[in-house]
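S.K.: Please work from the sequences and hints to get the whole structure.
Line by line, the protein sequences give chains Z and V.
To convert, count from 1 in the first sequence and add 245; that's this note's numbering.
To convert, count from 1 in the second sequence and add 2; that's this note's numbering.
On the chain V side, residues computed to face chain Z include the following (Cβ under 10 Å):
no.: 1; residue: S28
no.: 2; residue: S31
no.: 3; residue: R82
no.: 4; residue: E83
no.: 5; residue: M90
Calculated directly from the structure, the hints in this document are not laboratory data.
Glycine included, every Cβ here is placed at the ideal spot set by N, Cα and C.
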Amino acid sequence: MHRPRSPCHAWVYVQDDTDVFVARRCSREFASRQGLSHAEAEALATAVTEVARNIVVHAGLGEMHFGALESDPRRGVIVTARDAGAGIPHVEQAMQDGFSTKGGLGFGLPGARRLVDQFEIQSRVGEGTTVRLWKWALGEARRPDAS
Amino acid sequence: MSGPGEEVRREYVAVLETSLQAEDESALSHAYELGRRALGEGAGVLDMVLLHRTAVDALLASAPGIDVRRLMAVAADLLRELLSPYEMSFRGYRDANEALRHLNETLRQQKEAMEIANRELEAFSYSVSHDLRSPLRRIDGFSQILLEDFHEVLDDEGRQYLHQIREGAQRMAQLIDDLLALSRVKLTDIRRIDVNLTTLAGRIAERLRAASPERRGRFIIQQDLHAHGDANLLAVLLENLLGNAWKFSSRREQAEVSVACELRDGVPTYLVRDNGAGFDMAQAEKLFAAFQRLHSSAEFEGTGIGLAIVQRVIHRHGGRIWAEGRVNGGAAFYFTLGPAGAP
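M.R.: Right under this line is the structure:
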């Protein structure tokens, strides 16, 4: 089977709600191209939405990079989100589910973490935050390319 | 769970309508936000499915010539977005539940370990107290024999010393007895029954009066006082509280000790009050600690364990105890016995 070996990247600037849509679309395109199942693609899109939303709400400005993961026989998507916001003083605490959020727990960054296969966060106060998401095509049979 | 707000319903129909014309990411994103909002408003998953169904029906009714296949595809995508926040939150709850279960297990293990350690400690102090008793009895006993059988051999000074030895030994025996009583309160299992406190307090009062017939004073015990608790422990409790009240009012010309019950914030609150030596409220927190005495032994004898026993009895019933007093103005002890279901 032919697999695209060439590096494949996309950048999205994230500043307002419209950029959240763009990031979501980008996440779906990469998911489809890398053969993620519907459920996997949706989980990634949801995680991307929460991370992008987080940038809009807390940092105001950032960028997201989408990359194809080619690690035979596995394929997947890696998303890197960077912002130049105030940074998170207590990352551990920020990754705890807040019951204070209206409507129950599991939103935001902790919610995003549960939807992907691997999650990384680095933050420096005054320098901003970097979040990395990995999602592999592991589930049901790959769907035929929709396009 | 309550249904989603009217605004969410209206917006969802609009999103569905727009998507039929041209499905794009902003519509999907909007549906996702609506799901997030509805979840925040307390709407459940089934509420969302119902909301979706109503929106599809409304659209079918308003546009008869609609492309049903397309509507189904678009509707499925939107529903998926509407429910995605629920999926995320569900995972959060699942994790939180797992964490709670783990924490619960840890707590249970710690509690078990603490109970075992406590029991061992109690058993240890119980057996030590027991072991201390017999040498003490020998000291007291042989001192007594010396005083009786060798009375002529000893001079006044020698006899005086022996009296002091006996006094010390007896005081220590009392201390050990009190410590044993303290351990017993913790070791025995509680069996709650209906206890007539009026009868119980009356019997104790009689005994106290009989022990010092020369004293003038009276016990005023409210009629028909009842409590739901362990009969033995409640007897220990009242013996200590009434004994204290009687002891610390011994300097009064006319001692007065009253036992009553009143409702405080709807909770039956028992009280034992006297007109005796009282105490300084600034020292109130020391009252219930073992071996803490607010009066010297010379002034009022005692080991300082009585109120520690009282407090344990109360705690074992899931109740609360506190005291009010004034130096030379009497003391009042208030206690509750906790709900009937308490351990």
